[in-house]
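K.L.:
Sequence:
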Amino acid sequence: MNAEVTQTIISRALPYTPIGILRVRSTRRNTGPTDPYEREPAYLVVLQLRPFGEQDLWVGGRPAPHAPFGAEFLAVYDFERNWVSNLIGEYDCL
Numbered sequence: 035m036n037a038e039v040t041q042t043i044i045s046r047a048l049p050y051t052p053i054g055i056l057r058v059r060s061t062r063r064n065t066g067p068t069d070p071y072e073r074e075p076a077y078l079v080v081l082q083l084r085p086f087g088e089q090d091l092w093v094g095g096r097p098a099p100h101a102p103f104g105a106e107f108l109a110v111y112d113f114e115r116n117w118v119s120n121l122i123g124e125y126d127c128l
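Residues in the sequence shown are numbered from 35 upward in steps of one, following the working numbering.
Read the hints as simulated data drawn from the structure, not as lab findings.
None of these values were measured; they are calculated from a predicted model.
Note that the Cβ used here is the ideal one computed from N, Cα and C, for glycine as well.
Incorrect hints may have been included.
As the list claims (entries may be wrong) - Between beta-carbon pairs, the in silico distance windows are:
id, residue 1, residue 2, range
1, 90, 61, 33 to 43 Å
2, 48, 113, 11 to 21 Å
3, 58, 115, 13 to 23 Å
4, 51, 126, 31 to 41 Å
5, 50, 102, 32 to 42 Å
6, 75, 98, 19 to 29 Å
7, 49, 96, 16 to 26 Å
8, 101, 50, 30 to 40 Å
9, 62, 98, 36 to 46 Å
10, 90, 49, 21 to 31 Å
When you get a sec, could you build the whole thing from the sequences and use the hints?
P.N.:
What follows is the structure, given as structure tokens:
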């Protein structure tokens, strides 16, 4: 029997700024699709801390091409679009 696996995300607010920074890391494979979110005029900026490329990506409900990210790669996502990623590989990013 497998034990139920939980993950914790810790974030810290920066005082007096309109931005937040958080680290998201998983050493598990096949963590599944990202949760839906409210579309808004904002950006998600992701700094990869380790290579990452195993994912299925959709934008606006359609499959989207993607290239693997190396460590220190930066990605910017427009939150006025609907992004969903099926996270297959391990990841570690800010």
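K.L.:
Are there hints from earlier that the structure breaks, and if so, what are their numbers?
P.N.:
Going through the list in order, the structure violates hints 1, 4, 7, 9, 10 and respects the others.
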